[in-house]
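Chemist: What follows is the residue order along each chain.
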Amino acid sequence: MVAWIDFVAVLLVLANLWLLGTSRLAVCIKAVAVQAVLLAVIGVLMNAGALGVRIVLVLAISTLVKAWLLPWLLRRAAREASVQREVEPLVGFTWSMMIGAALLGVCFVIARPLHLPRQVQAGILIPVAMFTIVTGLFMIVSRKNAITQVLGYLSMENGIYAFGAAFALREPLLVEMGVLLDVFVGVFVMGIAIYHISREFDHIDTDRLSVLRD
Amino acid sequence: MTVYAAIHVTLALTLAPLLLGLINRIKAVFAGRHGPPLLQPYYDLIKLLGKGGVYSRTTTWVFRAGPLVTLAGLLVAIVLVPLGGIEALVAFPGDLLLFAYILGLGRFFTVLAALDTGSAFEGMGASREVQFSALAEPAMLLGLGALAVLARSTSLTELYGRVQVSAIAGPAGPAMILVATALFIVLLTENARIPIDDPNTHLELTMIHEVMVLDHGGVDLAFIQYGSSLKMWVLATLVTGLIVPVRTGRPGWDLAVGIVGQFVVAALVGVVESAMARLRLVRVPQLLTAASILAVVALILVVR
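These protein sequences, in sequence, are chains Z and P.
Anchor point for the first sequence: position 179 equals 179 in my numbering, and the numbering is continuous, going up by one each time.
Anchor point for the second sequence: position 268 equals 268 in my numbering, and the numbering is continuous, going up by one each time.
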């Protein structure tokens, strides 16, 4: 079972690098959706022994929201703002991938001395979850486009989710639903904000928004 | 076992042009054509070997040495590579570095010969060839490095001797699949195949490898074409050893499986060539960087 989880975790790493290496927004959105689907697979594999109705329900709802609803919202926001690609990132796409590979190495180094509370049978999931979080952070600081920054935020959320999955914790239903609602509302609000920004200023370049004066 | 290694080398020397014939046939089938006969590369070689050489007065001995050194380098490379479970004819610790740089030496002389002609197009092709192979080299070395860490050895024979069906299914499996992908991209690059380069193109502006050998003819061209089929064979063994991880323990069977694997890899190249368009030149470095990154991820996975 650990081998299978490791295999999906490697796919998650590749999805992260894909997210870092592409300039087209539609592809970035797809990469984040793929992350969410892979997380659902990890969730199923983690709980393969005791797959109850509650777990299936939580996984199904969170996958539906993160792999279908939020990408749909973001695609719509991108269409309204009529942007197709990240034009001028602060760090180029080839460099982003190389930095991503370096960050992956750092995550493995950091994860090694971590004292896990109990015998967690997670294989490489912990460093990969950290890498997903760091990928999201890197997206937020290195991209200027508001939509790619939201995608970075979603990637961070996916990483935190993977971190939780690694411990196979039985979180109360209320907590999981609360987190999901937070993310949903967050992205929803950001989507509306992006729409209004693009209508007011004809662009969604956050770099230029920071020099606004009232 | 050495007997089987010798048989592998003999088979490689005789069957290598057939790989190119198979690739051309598959491309023809995909395009709905009948295509040239499978043995066409052999006919071409025989025809070229019967011709004399024509040398420009502006060229020096470097131009004549180019094809010879390249072919000699590949002949050395072919005794260094193992075919799946069949050990290499010559194996010693660290031979993977010799392997990588003997290919580099051949490429260096091809480039020198191209520059020696003084043709602007050949210089352009040489510049591109050097740029792309400089990017492909880390992918190959890092990928082989990941396998070396797994096998705790730097000898190609031991690297590939440890690959097993059980290892692919085990914890090292994802790393091996990543390395196989990276090595396959290296294979496409080094052999000037689509999506990196088009071996059939006749537009100098877009050619990479073919443009460098435009001024060679006769026996020299035969050496170059035979060398390129050997290069195909050598790099395909690196991929075959990983994607056909069958080690029966009986050398005869291993050899047969390995040879079939070589043709499977060639068929795969043919399918990729038929299904993909050529990348724009500015996109090629991105693809090669991605290959290197796959190799780095594999390395991180096995080192952790």
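The hints are simulated quantities; they were obtained by calculation from the structure and are not laboratory data.
Please note that a few of the clues may not be correct.
Claimed, not checked - Straight-line distance between alpha carbons at most 25 Å, and here's what the computed SDA-like set of lysine to any residue pairs gives:
1. Z/Lys30 x Z/Ala111
2. Z/Lys30 x Z/Leu174
3. Z/Lys144 x P/Thr289
4. Z/Lys144 x P/Gln286
5. Z/Lys30 x P/Ala277
6. Z/Lys30 x P/Thr289
7. Z/Lys30 x P/Pro195
8. Z/Lys30 x P/Ala275
9. Z/Lys30 x P/Lys27
10. Z/Lys144 x Z/Leu57
11. Z/Lys30 x Z/Phe188
12. Z/Lys30 x P/Gln286
13. Z/Lys30 x P/Arg283
14. P/Lys47 x P/His34
15. P/Lys27 x P/Leu281
16. Z/Lys144 x Z/Thr22
17. Z/Lys144 x P/Ala290
18. Z/Lys144 x P/His34
19. Z/Lys30 x P/Lys47
20. Z/Lys30 x Z/Ser210
21. P/Lys51 x P/Arg33
22. P/Lys27 x P/Arg283
Chemist: Hint by hint, say whether it matches the structure.
Modeler: Hint check results:
no. : hint                : result
1   : Z/Lys30 x Z/Ala111  : violated (28 Å)
2   : Z/Lys30 x Z/Leu174  : violated (28 Å)
3   : Z/Lys144 x P/Thr289 : holds (24 Å)
4   : Z/Lys144 x P/Gln286 : holds (21 Å)
5   : Z/Lys30 x P/Ala277  : holds (23 Å)
6   : Z/Lys30 x P/Thr289  : holds (22 Å)
7   : Z/Lys30 x P/Pro195  : holds (24 Å)
8   : Z/Lys30 x P/Ala275  : holds (23 Å)
9   : Z/Lys30 x P/Lys27   : violated (32 Å)
10  : Z/Lys144 x Z/Leu57  : violated (36 Å)
11  : Z/Lys30 x Z/Phe188  : holds (18 Å)
12  : Z/Lys30 x P/Gln286  : holds (20 Å)
13  : Z/Lys30 x P/Arg283  : holds (21 Å)
14  : P/Lys47 x P/His34   : holds (22 Å)
15  : P/Lys27 x P/Leu281  : holds (22 Å)
16  : Z/Lys144 x Z/Thr22  : holds (14 Å)
17  : Z/Lys144 x P/Ala290 : holds (23 Å)
18  : Z/Lys144 x P/His34  : violated (52 Å)
19  : Z/Lys30 x P/Lys47   : violated (53 Å)
20  : Z/Lys30 x Z/Ser210  : violated (29 Å)
21  : P/Lys51 x P/Arg33   : violated (30 Å)
22  : P/Lys27 x P/Arg283  : holds (23 Å)
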